[in-house]
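Novice: Based on these hints, arrange chain B on the given structure of chain A.
Protein chains: 2
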Amino acid sequence: MRYVLIIAYDGTEYAGWQTQKNAVTIQETIERAASELFGAEVKLHASGRTDSGVHALGQVAHFDASLSLPAEKIADALNAVLPPDISVLSSSVAPDGFDANLSAKKKTYVYRMYFGKRRNPMCDRYAFFVRGECDIGVLNGAASLFVGEHDFAAYCASKSSAKTTVRTVFETKFYESEDFFGRTVSFEVTGGGFLYNMVRTMAGTALDCMLGKVTASDIEKSLSSPERSLVGRTLPAKGLTLVSVDYSPFVFA
Amino acid sequence: MRYVLIIAYDGTEYAGWQTQKNAVTIQETIERAASELFGAEVKLHASGRTDSGVHALGQVAHFDASLSLPAEKIADALNAVLPPDISVLSSSVAPDGFDANLSAKKKTYVYRMYFGKRRNPMCDRYAFFVRGECDIGVLNGAASLFVGEHDFAAYCASKSSAKTTVRTVFETKFYESEDFFGRTVSFEVTGGGFLYNMVRTMAGTALDCMLGKVTASDIEKSLSSPERSLVGRTLPAKGLTLVSVDYSPFVFA
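First to last, the protein sequences are chains A and B.
Be aware that the first sequence starts at 320, since it is given in the working numbering, and climbs by one per residue.
Be aware that the second sequence starts at 320, since it is given in the working numbering, and climbs by one per residue.
Next comes chain A alone, as it looks inside the complex (with noise of 0.2 Å):
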């Protein structure tokens, strides 16, 4: 039986989603509470990585196994063993066919910053600081270059794998919200995929536009012949979260 698990978690003491040697991941902290759980070894397939210090509120992954517990308790069952900065927000059987990877359409990523005259302890942790005042006018305006099928290469980090470095871009937007404790601007993208890095890197590129240091031309051209140095600096990742991961038809909630 394929199990679909849908997960948030705040990624600051992680090495990213993916198991690797010598360090915790959310996979394998994850892969670990089933394990020890259901008694038998548990291998997570998520719709994709996230990188080292990235959050979720909607990473999805499936798994299978044959297991005793109906669907919908395995969340609290691993919720009981799982530590408090990750948790698993439903469970339920997959539908025929499907593969958190492979089924994915378009993934939502949000990139959280706040602008000011000085820090704001309360919004640090999830969203990167900008000294000054916002032009929610030219983000959008550099946001939008971003849209359509691009060579994003100069938008990837180096070590980065990728067979092809070409993405399609469905949807950006700047928005500003308040929140209790302050006022926030967040870039929303939606995408087919998203290349290590590119994500942090479009927001940086957008940033340092409207601070001067990137032209909308320079955008432009990084997207029709690549080069790192057309492009703005690479955000935090602590400001970075995995919204939610479109498989329409199937839906999860």
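Certain hints may be false.
One copy or any two copies: either way a pair holds, since identical chains are not told apart in the list.
[To be verified] With a Cα cut of at most 30 Å, we get these calculated DSSO-like pairs of lysine-lysine:
1. 436 x 425
2. 362 x 436
3. 436 x 557
4. 362 x 540
5. 557 x 340
6. 540 x 392
7. 436 x 540
8. 340 x 532
9. 424 x 532
10. 362 x 532
11. 540 x 340
12. 557 x 532
13. 436 x 340
14. 482 x 362
15. 436 x 482
16. 436 x 392
17. 532 x 392
18. 362 x 392
Derived from the structure by calculation, the hints contain no laboratory data.
Specialist: Using the frame of chain A, we list chain B on its own:
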């Protein structure tokens, strides 16, 4: 010369505001930074203590010093040496006769909770998780009972050294809000001053009233003839934030 600082902090890693032996506190951390920066011992006087693990968006403190640095530059100078979980939001010269503790008229705290089927790690650092649904009407009904001048002895941890346990609560409300990471329920309370653990026990009592563990009549009794058994639980520090201190006619921003 007397100076006023407005300070924000993530209290998670600190044993509260007030300097004590064998534990790192906010006061001590800022005093050390200031003493090093100014080359003379600096003693901070805050509006009041915050307990271990409690956060602040608008703690106010004064100190006396003779500095060549312009008052408004002190904030950035301190922030350059403070750890990222403490930030001085503003610095200015204190008005004549100002004392951060004695001049305080009102304080506003917010206790944050979130309701749902399962924990959300992205809400969990600064809010208390309650499994189930929220009945904001019952919470507000319970909270309204706290308004007025009462003996809050039943809401006070026994280790308090307060001379009197009578306090005045001016306003209370529960309200729901939606931020990026999820829906939150906040208990906002404004009072002349608060006893050790008082806000957390008021929030816990309102919650336990909603859950049927405490009745409105228990709460009324607890305020006329204090008895600990009449009130609900003391919620954990992580959900509590000192939002602002009212010094009218003095205003800092």
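Novice: Using 30 Å as the alpha carbon limit, work out where residue 436 and residue 392 are close: within a copy, between copies, both or neither.
Specialist: So residue 436 and residue 392 pass the 30 Å test across copies only (12 Å; inside, 47 Å).
Novice: One pair to classify: residue 340 and residue 532, alpha carbons no more than 30 Å apart. Within, between, both, or neither?
Specialist: neither (38 Å within a copy, 49 Å between copies)
Novice: Can you give me the call for residue 436 and residue 340, within, between, both or neither, at a CA distance of at most 30 Å?
Specialist: neither (41 Å within a copy, 34 Å between copies)
Novice: Given identical chains, is residue 436 near residue 425, meaning Cα to Cα at most 30 Å, within a copy, between copies, both, or neither?
Specialist: between (36 Å within a copy, 26 Å between copies)
Novice: For the identical chains here, do residue 436 and residue 540 meet the 30 Å Cα criterion within one copy, between copies, both, or neither?
Specialist: For residue 436 and residue 540, neither the intra-copy (33 Å) nor the inter-copy (48 Å) Cα distance is at most 30 Å.
Novice: Reference check for the pair residue 362 and residue 532, CA-CA at most 30 Å: within, between, both, or neither?
Specialist: Neither way: residue 362 and residue 532 sit 45 Å apart in one copy and 43 Å across, limit 30 Å.
Novice: Under a CA distance limit of 30 Å, which applies to residue 362 and residue 392: within one copy, between copies, both, or neither?
Specialist: within (19 Å within a copy, 55 Å between copies)
Novice: If the cutoff is 30 Å on CA atoms, where do residue 362 and residue 540 land: within, between, both or neither? Let me know, please.
Specialist: neither (42 Å within a copy, 56 Å between copies)
Novice: Between copies, within a copy, both or neither: which fits residue 540 and residue 340 at Cα up to 30 Å?
Specialist: Cα proximity of residue 540 and residue 340: none, with 38 Å in one copy and 60 Å across.
Novice: Have a look at residue 362 and residue 436 and pick one of within, between, both or neither, based on CA distance no larger than 30 Å.
Specialist: between (47 Å within a copy, 26 Å between copies)
Novice: From the Cα coordinates, with 30 Å as the cut-off, is the pair residue 482 and residue 362 best called within, between, both, or neither?
Specialist: within (24 Å within a copy, 60 Å between copies)
Novice: Could you place residue 436 and residue 482 in one of the four classes (within, between, both, neither) given a Cα distance threshold of 30 Å?
Specialist: For residue 436 and residue 482, neither the intra-copy (43 Å) nor the inter-copy (40 Å) Cα distance is at most 30 Å.
Hint check: violations occur at hints 4, 6, 7, 8, 9, 10, 11, 13, 15; the rest are consistent with the structure.
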